[in-house]
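Chemist: Letter by letter, the chains look like this.
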Amino acid sequence: MMKHFFFYLISVVLFNACQNKDNSVYLDNLSWKEDSAAYAQNFAIQFYNNDTRILIFKSENRLDTLSKIYIGNKNIEKTNYISGKTNGFACLSAVYAGYLDALNQSAKIKFIDNGKYLYSKRLKQLFDEKKMQSCATNGQLNLELLAENKVMILAYETDGSTNSDIIHFKRLKLPYMICTDFKEKHPLGRAEWLKVFGILCGELDNAETLFNEIAVHYQATKLYCEQNITEKPTVMLGALFGGNWNVSGGKSFIAALIGDAAANYSYYSYPSQDNRILPFEKVFEDCKNAQIWLNPNAYSSLKDLAEADIRYTLFKPFSTKQVFNNTKMINADGANAFWESGVVRPDILLRDFAICFHPNYFIGEQTVFFKPLD
Amino acid sequence: MIKKTAILVSLLLLLLLLNIIFCNGVPLFQKSAWQTIFFQFRLPRALTAFCAGGVLSIAGLLMQNIFKNPLAGPDILGISQAASLAVAISILSNFAFGGIIIAAIIGSCCYLFLLILLSKHISNSTTLLLIGVMSGFLFSAIISTMQSFSAAENIKSYVMWGMGSFAKNTPNQAIIFLIVTPLLFLFAMFHAQKFDLLLLGNQKASMLGLNVSNIFIIAVLVAGVATGISAAFCGPVAFVGLAAPHLCKMWFATYSHKWLITACFFMGASITLFADLLASSLVSDIQFPLNAMLSILAAPVILWVIIKRRNEN
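Each protein sequence line maps, in turn, to chains A and B. The first sequence maps to residues 8 to 381 in the numbering used here. The second sequence maps to residues 708 to 1020 in the numbering used here.
The hints are simulated quantities; they were obtained by calculation from the structure and are not laboratory data. Please note: incorrect hints may appear among the correct ones.
As the list claims (entries may be wrong) - Derived Cβ-Cβ restraints for the label pairs, each shown as a range:
no., chain 1, residue 1, chain 2, residue 2, range
1, B, Ile709, A, Asp316, 51 to 57 Å
2, A, Glu41, B, Ala858, 55 to 61 Å
3, A, Asn235, B, Thr743, 48 to 54 Å
What the hints assert, rightly or not - Each computed DSBU-like pair below joins lysine-lysine, with the alpha-carbon atoms no more than 30 Å apart:
no., chain 1, residue 1, chain 2, residue 2
4, A, Lys157, A, Lys131
5, B, Lys1015, B, Lys710
6, B, Lys1015, A, Lys310
7, A, Lys310, B, Lys738
8, A, Lys295, B, Lys911
9, B, Lys738, A, Lys239
10, B, Lys710, A, Lys123
11, A, Lys258, B, Lys1015
12, A, Lys177, B, Lys1015
13, B, Lys863, A, Lys378
14, A, Lys192, B, Lys710
15, B, Lys710, A, Lys131
16, B, Lys1015, A, Lys323
17, B, Lys1015, A, Lys65
18, B, Lys738, A, Lys295
Backbone N, C-alpha and C define an ideal beta-carbon position, used for all residues, glycine too.
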């Protein structure tokens, strides 16, 4: 009796071991050829015959690969192998909904982390018609819902709570992709992630066309600024938060945009992409004579700014009314188009910056995301 | 006693000066716009630290006296939690009724009023202490519940407020604090002898003609206003109200509240100024959380009290 029991036990174990054979080794051993990205550093798109592989890196040095996604027509049952069509997407940030919306693929978004802050009419309509649902309540992901639907989860890379969510994605064998688009240094690098989303939707050609258009517009504005504008204003960013000032690094996305719009950022001297927390008096000393002030937190008028802290009035842009914020397109629910589609359209952002910094060179042109505080 | 007080005042003045000159790790005279930086940033910051430390230490001393508990502090009555709740309502639910400062003052004053009403009927200090502690738990639970329903950015704002800071006050706010502080100090000094009598025990103090209920109300009022206004201007400031009275009792070796209140005021102000100086200038242009710095400085004092009491027992 015991003999038979052990025989069955060993058979079951061996059977399971064979069943769990990982296809990663097979897939990784193929001779993938990379189609190098023009600006983006944190992803690689590789091809092998009719198969495509997306690699997402933790940083530009490409030492750590956070996600590997395979797209093809092979009959491979693997969590990160998309055979044919996806079951849709769960976007854990409105930015990813912005990418998919730009590619006219909004209908594929089945879940979003917070449906309240959607700006795009198309996305909002899908949410109102319940074709798209919230997959998080009070910041907690509804893993049961995601497991039931097996959609591709688009998550952002962080060291905090998202990482604990990723442990659950792995445990439940849910397809997911960790995005590091926000670590791109070049504004067009972030927009180039359209290609990643395009591949996931089977719309690479469409994505490439859109990205090329964006790049052409961006470069045209940049070139115009370079060739025509000689006086570069100094730009300061942000406002106080909890007694300190959160300053964007000199190699950040926004610092690059400011430079390309023919202006100087106050903190180019901080050679980092990351934000730096500085005391108010330090920022005052460094930026008191700046000409332009961008993104003073959520303040939408100079009066609000002065009421929040009278010392804001000591900055030159306050007295010259050269304070601009990304609050031009906000709907009744408080959703801001800038956070949804701003990173997808750096060409529009650059044009906005150029109009704000050098209105005399863009007479009659209107900004899209930014407006002056009055 | 006068000599010790003079040393303490000298230390305080030195720290005040150091804070103004070396705050943020860069000497004031090296700043291009030093006048603006002095009047708009460093002086308000130093004065806020001075006032907060001073009034919270007095509050701590009075709480330790009326509750006969060496580990009682200004936040033991749940006043700072009440202020925190009002701030949490303001930040987390986007219900702005005049900003964080007004919210904290309203929250602490409403709770203080309730506490004074209760203390008129409850002369037992232990019961009042328990009410304070339980109210604190209740307020913290409500805040936790609200946090779980709030947007990440609002939670971040609330957490930042909770870390405490002397840097966010404008000169006008510092002046308001500077007006209230001497009033609280003088009010406490005016009743110093009554607090001396209370040390004999409630029964003996009553037999000597002291109205114990009234002195309870006075202590609660001083502690409440001190905690509320500090929470309003600096966020919840940890430990100073607990540590300063013990340091003063140890050094001055007196039970006279006239001296203890004075000493606590200067000692508390010195501790907060020193903590703020460390938090802001250990590394140039990097701010360490104030409450973390205060806890690092004050925790050894509290440990010392616990060990000392254990040895005495």
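Chemist: Could you run down the list of hints and mark each one as holding or not?
Modeler: Cross-check of the supplied hints:
| no. | hint | verdict |
| --- | --- | --- |
| 1 | B:Ile709 with A:Asp316: 51 to 57 Å | 42 Å, violated |
| 2 | A:Glu41 with B:Ala858: 55 to 61 Å | 40 Å, violated |
| 3 | A:Asn235 with B:Thr743: 48 to 54 Å | 36 Å, violated |
| 4 | A:Lys157 with A:Lys131 | 23 Å, holds |
| 5 | B:Lys1015 with B:Lys710 | 26 Å, holds |
| 6 | B:Lys1015 with A:Lys310 | 55 Å, violated |
| 7 | A:Lys310 with B:Lys738 | 29 Å, holds |
| 8 | A:Lys295 with B:Lys911 | 63 Å, violated |
| 9 | B:Lys738 with A:Lys239 | 25 Å, holds |
| 10 | B:Lys710 with A:Lys123 | 65 Å, violated |
| 11 | A:Lys258 with B:Lys1015 | 55 Å, violated |
| 12 | A:Lys177 with B:Lys1015 | 53 Å, violated |
| 13 | B:Lys863 with A:Lys378 | 26 Å, holds |
| 14 | A:Lys192 with B:Lys710 | 62 Å, violated |
| 15 | B:Lys710 with A:Lys131 | 73 Å, violated |
| 16 | B:Lys1015 with A:Lys323 | 57 Å, violated |
| 17 | B:Lys1015 with A:Lys65 | 52 Å, violated |
| 18 | B:Lys738 with A:Lys295 | 13 Å, holds |
Hints 1, 2, 3, 6, 8, 10, 11, 12, 14, 15, 16 and 17 from the earlier list are contradicted by this structure; the remaining hints agree with it.
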